[in-house]
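*Asks:* Note that the protein sequences, when read in sequence, are chains A and B.
Heads up: the first sequence runs through residues 4 to 116, numbered per the numbering used here.
Heads up: the second sequence runs through residues 2 to 170, numbered per the numbering used here.
Just so you know, the hints here were simulated from the structure itself, not pulled from any lab data.
Cβ atoms here follow ideal geometry from the backbone N, Cα and C, with glycine treated the same way.
You can take every hint at face value.
Derived CB-CB ranges, DEER-like:
| # | chain 1 | residue 1 | chain 2 | residue 2 | range |
| --- | --- | --- | --- | --- | --- |
| 1 | B | 140 | A | 70 | 25 to 31 Å |
| 2 | A | 70 | B | 74 | 17 to 23 Å |
| 3 | A | 20 | B | 71 | 17 to 23 Å |
| 4 | A | 36 | B | 96 | 44 to 50 Å |
| 5 | A | 72 | B | 117 | 32 to 38 Å |
| 6 | B | 130 | A | 78 | 36 to 42 Å |
| 7 | A | 34 | B | 94 | 46 to 52 Å |
| 8 | B | 58 | A | 108 | 17 to 23 Å |
| 9 | A | 32 | B | 148 | 45 to 51 Å |
| 10 | A | 73 | B | 80 | 35 to 41 Å |
| 11 | B | 54 | A | 102 | 23 to 29 Å |
| 12 | B | 74 | A | 62 | 20 to 26 Å |
| 13 | B | 80 | A | 34 | 44 to 50 Å |
| 14 | A | 62 | B | 80 | 39 to 45 Å |
Which residues of chain A face chain B? A few of them, derived with a C-beta cut under 7 Å, are:
| # | residue |
| --- | --- |
| 15 | 19 |
| 16 | 94 |
| 17 | 95 |
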Amino acid sequence: MRLGLQRPHFNAYMPQVADGDISVYRTMDLSNADIEVLGAQHVGTPANPLKGHCCLSADAIFSEGLNIVSAPNPHRRHANVTGWVNDPKNRLIARKLAELAKLTVYLPTTPTP
Amino acid sequence: MTTATLPAGPSYVLRRANNSEGVSPFAIQLTSIVQDAVARAWNTTTGQRPGVAALPALSDSYRDAEAQSVHGGQALPVPAAMREAAALLEALPTWCAVPAPLIEPSGAIAFEWDLGPYRWLVFALKGTGTIEHSAMIGRGVELHGTANFTGSLGKRERDLLRDLMQFKG
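Work the whole structure out from these sequences, hints included.
*Replies:* Right, here's the structure in full:
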């Protein structure tokens, strides 16, 4: 995360497999609180809760030659960003996406004794 | 602008690091490999090498990646990548700034210099005998490529580092 800059690090948008996908959720019409609940239910775990989320316009994805494909499992809002190729250029794309993304950091929860 | 107004805005959810989890033998191996290499560099120079200063952050990055790997979406570096990372840290010239290490979701070990919007360079190592570079050095100047890596910096990588450090915008 780039906390001081209110944007994520480019690593947040790097695919696990160089020519693979990244997993996202469509957050149109959702509040930050709704997104936090969605993430807690389908992404985070009690042992590994979420730090936050970052939002980005779909246009930014399309303008980098990538696509968004609906993948409604585990949730109807889930999708994959596809179109990555196995190339170091991925980092340049990921950095541009991160520059345009808005970062929301969750308040840390107090651990239960 | 709020998230609610974004048209079909994809949201990437960030996991919380859990550094309190146990340290695996793999992490110990990483630390050992890199510490040995940096110790050799330390003994051969009078000044502090950038690789020495990057070591603690590399260990932190590894622990974060290890915690996230439990739930998928994050691969851990292979031992060959660790050895290459150690070699790169050892090979960094003393005149370059300290890089920020990170473990990419693919398990590649990357070293990043983020010196401004148009002064940015990443070297990444996957344990395949190659080094990848991705860079923006100057407005609109995007560079990326792959070269063989046998433990020392090639001319291309040294030139990129020099250009990055000298670029005035």
